[in-house]
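A.B. asks: Going down the list, the protein sequences come from chains Z and B. Residue numbering for the first sequence follows our numbering, beginning at 1 and increasing consecutively. Residue numbering for the second sequence follows our numbering, beginning at 1 and increasing consecutively.
None of these hints come from the bench; they were simulated from the model. Hints are supplied without guarantee of correctness; some may be wrong.
[As the list claims (entries may be wrong)] Quick list of simulated restraints, FRET-style, between CB atoms:
hint : chain 1 : residue 1 : chain 2 : residue 2 : range
1    : B       : 620       : Z       : 161       : 39 to 45 Å
2    : B       : 329       : Z       : 165       : 46 to 52 Å
3    : Z       : 137       : B       : 437       : 34 to 40 Å
4    : B       : 110       : Z       : 165       : 47 to 53 Å
5    : B       : 631       : Z       : 165       : 38 to 44 Å
[To be verified] Which bits of chain B does chain Z cover? Going by a derived footprint, with three or more residues having C-beta under 8 Å, they are:
hint : segment
6    : 161 to 172
7    : 455 to 469
Don't be surprised by glycine CBs; every beta carbon is placed ideally from N, CA and C.
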Amino acid sequence: MSDIKKIKDDYIDKLNTETNIEKVNNIKSELFGKNGIISNEFKKLGLISAEERKKLASDLNNIKDELQNKISIKIQEIETKEINLKLEKEKIDVTLPERNIEIGKIHPVSQVIDEISSIFSEIGFSVEEGPDVENEYNNFTALNTPDNHPARDMHDTFYLDNNKELLLRTHTSPVQVRTMLKGKPPFKIIAPGRTYRSDSDQTHAPMFHQVEGLHIDKNINMGHLKGCLNYFIKEFFEVDKIKMRFRPSHFPFTEPSAEVDIGYEIKNGKIVIGEGNKWLEILGCGMVHPNVLKNVNVNPSKYQGYAFGIGIDRLGMLKYGINDLRAFFETDYRWLSHFGFDPLDVPSNYRGLSR
Amino acid sequence: MKFTVDWLKNHLDTKFNNNQIIDKLTNIGLEVESFESSTSELDTFIVAKIINAKTHPNADRLKLCDVDIGSDKTIEVVCGAPNAKNGLLTVYAPPGSIIPKNQMKLSVSKIRGVTSYGMLCSESELLLSKESDGIIELKNNKYANKIGDKYFKNNSEKVIDLSITPNRPDCLGVRGIARDLSAAGAGKLKINKKSNLKYRGNQNIKVKIKKEKAQGCTIFGSCLIKGVTNKESPKWLKDKIKSLGQKPISAIVDITNYVMFDLNRPLHAYDADKIDNEIIVRSSSKGESFEALDNKKYILENDMCVISDRSGVLGLGGIIGGTRSGTEYSTKNILLESAYFLPRSIRKTSKQLNIDTDAKFRFERGVDPLSIEEGLIKASELIKQICGGEISNLDVKKIDNYKKTIINFDPFLFEKTTGFNVEIKELIKILEKLGFNVKKNKKILKLVVPSWRPDITQSIDIVEEIVRIKGYEHINISEPIKTRLKPTLNYYQKLFHFLQRSVASKGYLETVTWSFTDSKINQLFKENDEEIPIVNPISSDLNVLRNSIFPNLLFYLKKNLDRGFKDISLFEIGPAFKGKNPGDQLTVIGAVRAGKVSRLSWNDKERIVDTFDVKKDVIQSLCEAGIDKDDIVIDDKTPSYYHPGKSGGVYQNNNEKNALAYFGEIHPNIIKKLDIKTEGLVIFEIRLDYIKETKQKIKDSKSEYKFSDFQKSERDFAFIINKNFKSQELVNIIKSVDNKLIKSVRVFDVFEGENIPEGKKSIAVNVTIQSEEKTLNENDLDNINKLIISSVESKSGAKIRS
Chain Z
1 MSDIKKIKDD
11 YIDKLNTETN
21 IEKVNNIKSE
31 LFGKNGIISN
41 EFKKLGLISA
51 EERKKLASDL
61 NNIKDELQNK
71 ISIKIQEIET
81 KEINLKLEKE
91 KIDVTLPERN
101 IEIGKIHPVS
111 QVIDEISSIF
121 SEIGFSVEEG
131 PDVENEYNNF
141 TALNTPDNHP
151 ARDMHDTFYL
161 DNNKELLLRT
171 HTSPVQVRTM
181 LKGKPPFKII
191 APGRTYRSDS
201 DQTHAPMFHQ
211 VEGLHIDKNI
221 NMGHLKGCLN
231 YFIKEFFEVD
241 KIKMRFRPSH
251 FPFTEPSAEV
261 DIGYEIKNGK
271 IVIGEGNKWL
281 EILGCGMVHP
291 NVLKNVNVNP
301 SKYQGYAFGI
311 GIDRLGMLKY
321 GINDLRAFFE
331 TDYRWLSHFG
341 FDPLDVPSNY
351 RGLSR
Chain B
1 MKFTVDWLKN
11 HLDTKFNNNQ
21 IIDKLTNIGL
31 EVESFESSTS
41 ELDTFIVAKI
51 INAKTHPNAD
61 RLKLCDVDIG
71 SDKTIEVVCG
81 APNAKNGLLT
91 VYAPPGSIIP
101 KNQMKLSVSK
111 IRGVTSYGML
121 CSESELLLSK
131 ESDGIIELKN
141 NKYANKIGDK
151 YFKNNSEKVI
161 DLSITPNRPD
171 CLGVRGIARD
181 LSAAGAGKLK
191 INKKSNLKYR
201 GNQNIKVKIK
211 KEKAQGCTIF
221 GSCLIKGVTN
231 KESPKWLKDK
241 IKSLGQKPIS
251 AIVDITNYVM
261 FDLNRPLHAY
271 DADKIDNEII
281 VRSSSKGESF
291 EALDNKKYIL
301 ENDMCVISDR
311 SGVLGLGGII
321 GGTRSGTEYS
331 TKNILLESAY
341 FLPRSIRKTS
351 KQLNIDTDAK
361 FRFERGVDPL
371 SIEEGLIKAS
381 ELIKQICGGE
391 ISNLDVKKID
401 NYKKTIINFD
411 PFLFEKTTGF
421 NVEIKELIKI
431 LEKLGFNVKK
441 NKKILKLVVP
451 SWRPDITQSI
461 DIVEEIVRIK
471 GYEHINISEP
481 IKTRLKPTLN
491 YYQKLFHFLQ
501 RSVASKGYLE
511 TVTWSFTDSK
521 INQLFKENDE
531 EIPIVNPISS
541 DLNVLRNSIF
551 PNLLFYLKKN
561 LDRGFKDISL
571 FEIGPAFKGK
581 NPGDQLTVIG
591 AVRAGKVSRL
601 SWNDKERIVD
611 TFDVKKDVIQ
621 SLCEAGIDKD
631 DIVIDDKTPS
641 YYHPGKSGGV
651 YQNNNEKNAL
661 AYFGEIHPNI
671 IKKLDIKTEG
681 LVIFEIRLDY
691 IKETKQKIKD
701 SKSEYKFSDF
711 QKSERDFAFI
721 INKNFKSQEL
731 VNIIKSVDNK
741 LIKSVRVFDV
751 FEGENIPEGK
761 KSIAVNVTIQ
771 SEEKTLNEND
781 LDNINKLIIS
791 SVESKSGAKI
801 RS
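Work out the full structure: start from the sequences and follow the hints.
C.D. replies: Shown next as structure tokens:
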């Protein structure tokens, strides 16, 4: 008995100092292999008396358990050490750059169009479109602007033929004509799109964007027009209150007509919308002229309503602090990256108009 | 329309101060553009400082001065003054300035071979003293902080500049503006004093308005004023003319202009002695000509309204007079004209001849036809007062009588349109102050429209008048009605938004470029479309509508490459024009990608962008927008601007006529022609109109969810096949062997060269086989394998690689 106890103590000591997994395994087979020391001790049990056997077997089993336990702890210990060592060697510099990220952007004009559409969608407007090339009738005559009228001079028009029959639309208002000609009232639409005028300087581009609005029904009056635009402007600029002023003006296709100014002030070199005592003109609107309704076969004694036209580029400039209109159309990579929007940033009511 | 507050007060009794007047004008629809001192010729002269004076290279006596003219600007001026030296503060006159002494207009000029931008002035040149030996020397302590400021103080009265909308000719005269203000409660319109002018004798120059179909004149009023002394206008009149931003000419001309701006009543004064016998108002014949007061000779077309005498054309009625009968200082007898010309005729003639004058501007919009006498009387009085002379009886010839406009107005229309109510009494008061004659007949108002308001023809115009004068602030805000009549977006509008954002999410920057482009670049991309020239382009390099988005995209790609960017992904979604009629346009996404993938990456191998990069972008975008990938078929026929061997077309199904997208490398010839320098350039385009609308909503089109739990097997095959055989067809052949069992076919290797015969290639595919009914055994799989091999071999001429 003292023999095996000594053997056990020896091996425990050995194991305590051992660091090599192979050597531990060797010890394991030395002890428990086919001819291992412990195995042999068990074999000897058959040769002794039953009484002795009982005691010895019990001791032997204890020693076996103790050694095996020690071995497995040791193996685990060494393995953990080795793994840690290996992982330590595998360490990489995670501050190295990731694989290239390709970041695309949505142009501010597109983003603003989506914002506008989202706002008007909330109050029941649907989106209509019309062609960029228009005939003279839809762009002017149907809109109560006959050829011999000086109001035509308000629009510098690009023509596609010498008879001035075909032109690039000077505003989105011909979409009103198209929409009403192809349908029956009520109408409740907005029509964003490209528009063209043949002047070009720091503040004018030969192409720009407008959104037209049209709401025709049986009892729509100027109060609704005011309410609709008040709602739109507040939502668009994401402010609780907006200082807004309706001012009489003249457009051949609306009567009464108005221009709408919003209050602003300059704070720390930046324009702040909605307060202050300066006025900024942002759109034109009015009640659709009975002559226009007649031209599109809508009975003006039964139906009436309002229309408006807003410059999209200008709204975008105001909201996002862009100074130069021409830059919108110059495709400068730096400008597009700077003012562009993330494609996942889709303006919506529930998620908010902008981030 | 410009005028001073003083002038306004000639017509309006008001207690309003300037700011109140300005606000009121804006509130009633007469938009105030500005309210500031009128510009003076002396405004251009500014305080400047010589920074550096050196000797002129070609003339010892002259100096070359760098002059600080403020706002961080320095210009170079050649100066002959001996006292020009470094640091001197003096007065600078830029090109365009008029020198008071000799009334010469400065221009940019070369003096002894060196360009001089403007000049430095002496006191004598500015009429400040006789000192002409050198340039002005300004005192440092007074002027050092004023570099760039105006040298002369502008003491003129402040001028209101209104932007008058084309419907309001009456407000092109100060009296009309005063009337509007009075209606809006800003004061009382002064009553015109009764004239006690004495007339002597008859107007004995015969006037005849010919009755012709195209006659553009319906009334011609005139009077003769004999024995006048024409001269410089008195100061008050000069100041009025100057406040309009115009130059005083002579008393007679200034008076006619003054009356025009005062009453919106254009007049014309002829030197009566230069008229050959009689005045004939008639339509011109093609080829007639005359020299106008703007010193240009005009050759007329048929049917322009001319004022003529027996010798020929004197002037264009209502537009411009002629030099032959113009008044001068020596003029003794004048014929004063006050006529009515039809707006339509005026507009047509002035457009044809491209003439714009103050008279034309007014007649085109509509002058009060009942103001003929008023104009003659007011001008005659002033002429008599300033130039003396005797005035004849007034002679008014007419071929048409003015017809009153009468509107029966139901006041309910006002509330129906504006949403608020105005007491009938107030409503009548507003209209009467505006000059309407109002008779109340039960609930209806019978209104006679004032003759100076040609814009008012129907009831809605009356509503506008009342609400405008009452004030738009009275309109109450009604909360928006949220009722929706139909969905916000239709299928194609949704597609537009999906594709736009989907392409952007692949790393492309969206741009917006002109719808027009340079015909020379467009030419390369227009294929069989007609070229659509713009008659009046903004510039010669934006002279056609774009047939494709690529001309502009490539133009700007090149600009960005020139800026030093190497890896560029750009796209635009917008119209491409197919013809010049409305609707001949497609909505197209055009995208370009240049440069390399993984440039300067520490862990990835960099490579040049290629066709399969854009193929991925285009297919993935289409799938994200809702197109079923299984429906997509690729073809290799593409427009001629693509590389013929490295480009493809995308179709939604077999047998479709129009590709919904193209992708690939751009034709090398085009890159060369446009001189684009980049390592690689690939493009794609998606034509939204050719994508077929799916009628079913997604809630109706989702098929039943089915999957198989039976074991699936994968098998690899390698075929030797003709080099030109399309992998897409090979995949289709394999799939068609058993559509149910073969779940997917993936090409995982393609190569040519070593061990492969000339003209052949090796394609390796991985086929996934799975049954929905059972686990396939070896025997089943063997059968399928054999079928795959035999089908491919028989249908494609390929050989399985052993």
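A.B. asks: Each hint needs a verdict: does it hold in this structure or not?
C.D. replies: Going through the hints against the structure:
A hinted range of 39 to 45 Å for the beta carbons of residue 620 of chain B and residue 161 of chain Z is consistent with their spacing of about 42 Å. In this structure, residue 329 of chain B and residue 165 of chain Z meet the distance hint of 46 to 52 Å, their C-beta atoms being roughly 51 Å apart. For the pair residue 137 of chain Z and residue 437 of chain B, the supplied restraint of 34 to 40 Å holds, since their beta-carbon distance comes to about 37 Å. Checked against the hint of 47 to 53 Å, the pair residue 110 of chain B and residue 165 of chain Z passes, with Cβ atoms roughly 49 Å apart.
A C-beta distance of roughly 42 Å is found between residue 631 of chain B and residue 165 of chain Z, which places it inside the suggested range of 38 to 44 Å. Counting residues of the segment 161 to 172 of chain B whose CB lies closer than 8 Å to any CB of chain Z gives 4, which reaches the minimum of 3, so the coverage claim holds. For the segment 455 to 469 of chain B, the assignment as covered by chain Z holds, since 7 residues bring a beta-carbon within under 8 Å of that chain's beta-carbons and 3 suffice.
When held up to the earlier numbered hints, the structure conflicts with none and fits them all.
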